[in-house]
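Trainee: From first to last, the protein sequence lines are chains A, B, C, D and E. Taking this note's numbering as reference, the numbering of the first sequence is continuous, increasing by one, and the terminal residue is 118. Taking this note's numbering as reference, the numbering of the second sequence is continuous, increasing by one, and the terminal residue is 102. Taking this note's numbering as reference, the numbering of the third sequence is continuous, increasing by one, and the terminal residue is 173. Taking this note's numbering as reference, the numbering of the fourth sequence is continuous, increasing by one, and the terminal residue is 399. Taking this note's numbering as reference, the numbering of the fifth sequence is continuous, increasing by one, and the terminal residue is 715.
Derived by calculation from the structure, the hints in this document are not laboratory data. Where a beta carbon is used, it is the ideal one built from N, C-alpha and C, also for glycine. Fair warning: there could be bad hints in the mix.
[Unchecked claim] Quick list of in silico lysine to aspartate or glutamate cross-link-like pairs, EDC-like style, CA-CA up to 16 Å: (1) E:K80 to E:E235; (2) D:K328 to D:E373; (3) E:K139 to E:D119; (4) A:K57 to A:E4; (5) A:K32 to D:E373; (6) E:K27 to E:D134; (7) D:K58 to D:D83; (8) A:K86 to C:D127; (9) D:K16 to D:D26; (10) E:K425 to E:E499; (11) A:K33 to D:D92; (12) E:K502 to E:D416; (13) A:K57 to D:D92; (14) A:K86 to C:D140; (15) A:K33 to D:E91; (16) E:K425 to E:E495; (17) E:K425 to E:E506; (18) A:K32 to D:D26; (19) D:K328 to A:E4; (20) E:K196 to E:D121; (21) E:K80 to C:D127.
[Unchecked claim] Derived coverage of chain B by chain C (criterion: at least 3 residues anywhere in the stretch with Cβ under 8 Å from a Cβ of chain C; other residues may be distant): (22) 4-13; (23) 17-25; (24) 35-47; (25) 64-72; (26) 75-81.
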Amino acid sequence: MHNEWLYIGVFLIVAGFIPVAALVLAWVLGPKKPNPIKQSTYECGIETVGESWVQFKAQYYVFALVFLIFDVETVFLFPWAVTLDKLPLFVVTEGIVFIGILVAGLLYVWRKGLLEWV
Amino acid sequence: MIPLSWYLVLSALLFSIGLFGVLARRNAVAILLGIELMLNAVNINLASFWRYGNPAQMGGQVFAIVVFAVAAAEVAVGLALIISIYRRRKTVLAEEIDLMKW
Amino acid sequence: MDASQIIFGLTALLIIFSALRVVTTRNMVHAALWLIVTLLGVTVLYALLQANFLAVVQVVVYVGAIAILFIFAIMLTRREMRDGGPQLNKGWPLAALISLAVFGGLLALLYNAPVSERLAASLEGQDTLGALGQALVSPDAYVLPFEVASVLLLAALIGAVYVALNKKQESDK
Amino acid sequence: MNFWTDPVNVAAEWLKDVFIGWGMTDPYATALVYLLGAFLLVALVMLLDVFLVWVERKVVARFQDRIGPNRVGPFGLIQPFADIIKLIIKEDITPAGADKVVYNLAPVLSLASVLLLWAILPLSALVYGVDLNVAVLYLVAAGALGTLAVIMAGWSSNNKYALLGAFRTVAQMISFEIPMVVVLLIPTILTGSMSLKTIVERQDIWYVVLTPLGFVIFLISAIAELGRAPFDLNEAESEIVAGFHIEYSGMKFGLFYAGELLHAFTFGGFMAVLFFGGYRFFGLEQIHPLVAVLILMVKALLGYWVIMWIKYTVPRIRIDHMLALNWKFLTPLAFALLVVTAVMHRLLGGTQPWVYALGLFLSNVVLLLAALEILRASARRQRRQEEAVLSAVAETAGH
Amino acid sequence: MATETLIWLIPLPPVLAFFLIVLFANKNKALSHTLGVGAAGLSWLASMVVFVRALSVEHLGEHPFHASVNWLPTGETWFKIGVLIDPLGAATLFFVAWTIFMIFLYSVGYHNFGQPKGDHDRPGLPPHGATVTDAHGHKHTIPSVEPMYSRFFAFLGLFAFGMYTLVVSDNLLTLFVGWEIMGLCSYLLIGFWYGKPSARNAAIKAFMTTRVGDVFMLLGIVFLYSVTGTLSFREIFTNEELMHALGTTATPVLGLSAAGLIGLLLFIGTVGKSAQWPLHVWLPDAMEGPTPVSAMIHAATMVSAGVYAVIRMFPLLSLDPATMSIVAFIGAFTALFAATIAVAQNDIKRVLAYSTISQLGYMIAALGIGAYVAAAFHLITHAFFKALLFLGSGSVIHGMEHGVLHTGNHHVDPQDMFNMGGLRKKMPITFWTFLIGGFALAGFPVVTAGFWSKDEILADAFAHGHLAVFITLAVAAFLTAFYTMRQITLTFLGEPRTEEAKHAQETPWTMTVPLIVLSVFAVTYGWVGIPEHFPLLGGLVPNWFHEFVGSTLAEHPEAVPFSPVPLLTSLGVALGGLLLGWLVYRNVKSPAEDKLQLPVLKNKWYFDEAYDFLFVKPAYWIAETLVYKWMDKGVLDGILHFIAHITGVIGAAIRNYIDLRVINETIGDGTANTVKWMGFNLRPVQTGRIQQYMLASFVVLIVVGAVLYYFLVMA
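Assemble the whole structure, with the sequences as input and the hints as a guide.
Mentor: Structural data, given as structure tokens:
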């Protein structure tokens, strides 16, 4: 059987159950007297102006992008790290080449000036 | 125990749903979502063939990992294209992105 | 029906349902969130297949990075939350037909394939993670895809950054 | 195996036998035992969480030269429970236009993503949830769920500030995840395994000695990941009010808050496991499994205390500085450290333990010095440029 | 260094040069060509070393230089890639190395290195010349340097890489990789002056036409792999059981055996690459590229690659007589057909282009009749003299451009032969080398290489009783001699017909040295393959080529017995054609006087028009209706739309939906309406909508998949 994952699955259920239980408890016990002012969007007391779904600058996208690429690359590195001891010395260099290519990407983005917060 | 065919049927179904999304959705981002579904279907296949074939042969898992990398690359570039198009043409609807026509 | 089959069945239902929601729901953020549900369902399948590494990588890469990127892109490409008009294009019946045909075709292939009722061998005592690492970096195996993957990702990074944020194009406008 | 030396597993076996005796098949009995075990662990962790609220308030009071909670119960120990009761009976407000399902799901996911980490934390050699062979990545995966919770909360609140705060938080979290993941590779390399239990067992020399730099990077990125001061930009009140959970109140806010505290403590625990020998402390852990658990808890609390210490002494840094710190310093440094560690580990692998330790330690020191020197040089260059500009301006002004 | 290691290294310098130029040297012209020429030189050196070593090995055919490495794990086994130099490979490597090196060197001069920047030159257009003021204050217009000089050398390097890869590879897959790299490069290089619409169109045409062939070739490779499980030449050809099985397995297509079908599919790839009929249309248009490119594509590398691939796969092809006859037919037909067109062309490069098609047809025909060695021999001699001719024509054009710049009359086409004449005095080196090349092409007896190789093909055809092929080729040879002499007469002999021709100038040494080197080969290379039974000369020099290349095959091909008929024929047609050409064109001064400018030849037998009518137009038409009807609106919407339309036509009386559908379908009102409705809504062919493309491709996938499944699994 898949005991490891069974436990994690069970744990997931429990970990989800506890906060849900807390919320339900609060929902049952708490008063419910909604009114429009109470439900309005909080903006430091000032009237909400315009749509609340504003545009965001593409800078955020770049961070997510760089993160995505690096995330995938580090995922490749984990199996390498695990087997580092069991393979000949030049697999270390393979990993280093891999990291080098990774860092080249970082340098490119850096040089393009996209890591600056503007 | 689960027979291999279960995984394969599920994967085929997921692939077809993803294909439908790719072909039918108007929003370009949604098309990419459909492609993700298709890639996941492929990965299910790879992983299950690894498991039900010879588990000492890691080909299936390695290919699945490569598919992850490909998916990441595809999403990165695809979404960048969509954002770029959106900034110029203010649309993400696939049928309005028809510059290739000319 | 043993326990794993029940788990598989429930997961499959979850995957199919959420995948259908991905391709039909109007709200794009919901579509992305349904995609995450699908992906988590696939994670369960990996866990059932005892592909531990794939299972965690699925969450790390897909949920942690790709889904986030999707949500960012959705936020960046819309002016109002729910866009008007139908979510499906006019050719969707044909698309549905083709998808069904592909599914039918795959089933037909599967029906004739000799693999359908095979059962998994035991993984007892196997260090699959170690084997995976060895396969990835050993020159007798997949070291080339390993290195090429980094080049691919580098190209994707540079390409995406260039496409999404070309400052020159901005100033041209 | 008797109850004295291994209480948890013996109890689990006994329970399982009981269930099977009731006519259950093995898998279901196992699942039920797991359920009970998980429930027990989560309950204890939540209790700990409640206690952490008190710790936090007490400690911050001391830092700020106050007394802190002291009215409810001895030393104010009952204070957190009063807080909880207050949160529970507060009105549950959902802002108009919010996406209800997602809005309610976000705090649950936020806390659950932290709780999930406890499934893999080895509390002692015999008391642990699972010994997953990909545990290190599991840590990252759970963090991904936390990121997701933030973005869900920010998006579903139908509030500009919440969404903006969520975007900032996510940008920060994912940025600092890179050096963290890279640094997580270092214990993996040193151990040759991603299993946390194996990592603890191999730490005859604490990894903080072998890779002090790695520990520092991990600490910094962990704090940023937590969104705590000095990296609490998501809550920079003057700019974006309270960040992604601005619209949350009552118990939902409580869940976010509890999640944050518990996250900090959990990171203290993982810091202990990855760098400070986990539940081991010079053989003391062999006395009894529960002593080992106690050792780990003390180490985790110390780690938590360090995080608090930093939080209450260092001022918040600007977002551009923060991102520059990550992308232009921590990330390259982490990669350099990874390469150096891999090479040194492979080269010195067969030598005497003290040579190995010394070599790794010294390479870390050298790397740090080199990095600082590069920083200093670039700062000098920048200063010279600025001075040149200033003097040029002064000259033109003089004429 | 071990020879195998050296072979591995041969393709690398050019690709390294490509990357270095692209990444670092694209601003520095001198550095770019140093890198490019240096890389070509290194590859040349390595090739020569390998060639010399190959010569010293006894029985190279049985024990070739061969090394392979594991490349792609395919389950439990490996897909291997490697290098192989057998006698055929060595001979090919020899001429490829020489021609590529010469072309690199020539390009330096051709692109006016060392000249000033042009006044109005823009990237993407040929240089227009620069105005300089000399010491006396006179203004001169002199040639200006190519603006995209570095880019040219980068592409050339990549091209060379593709060719070397193709030659040294030991399996079909890497051969195909090199093949496709060359396809890409030819696209880039033909469209090098992308500012010219004609160049753009030619590039696209070349790419698309060769693509047609390549798809079939890929199918052939896949088929071969699925049948044999390997793509290595030696593993397939030395495995007699496998070969036998391939030759006897029947396939559902045309009654061919598996070997025949695979061979045919691979051959279609060659038809595209080597510009054989019916896929020849791209090659003449490819003349839009700079001349070194023409030489590169049309002589040294790409088109040779096609023939080389067929020669490589000859053992497979020869298993099925049906395939062989198809090959022979296409080759012979192309040889004759292209020769007739060449007669009527006025552009100096186009004549050569058609002549190339014709000569390639020769080789293909030779292969079709089983004359393996003769085809390889002609391939090599042709590569030398055709490269020589192309470079010579480039030199002529270059000299003419000089004249054009001098007079400043830009309406004069420097490539039109009727604008030339009398250039032998202005450009002596070019003239003599061109003459040698032309005579070699015409097959001038005894001294030129072309004679020996052509003669061998004719002798083979005659000896094996392929009379039809023999006669066709003989006629083609006659035409070849005729238009060659026409070209030489119009270009070099007589008096200058224009002012520009009077001011033409000899080109710099970087251009003439390659001409001289190549002309040496155009003469001497024939001597290595003189048949032993040839009267007088036979046996003076041993027929080394036959022995050497022939040993590549498992069964050593017999040397054909001597027969006077083919010899006399080839003597007759060569000398007769040359003489006739000189006699006819000696006095022709303008195109109007040229009696052979028949419209049908001038228009290349209307092939472009026919293709337009047969393929392009229907494609547009189908796309318009289908796209609109099926995809743009979608099936359901389309039907609803359709019904709604009818409603308006028939009137308000009939409102019932179902009635309508019945009436519509039974009466057939719909037809008329559809036409009207299509007329209304003629749309651009492509909708540009990615989803519809994908929809279409999936429809095709399903249909083709179903058909294949039915044929291969059910049947």
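Trainee: Which earlier hints can't be squared with this structure?
Mentor: 4, 5, 6, 13, 18, 19 and 21
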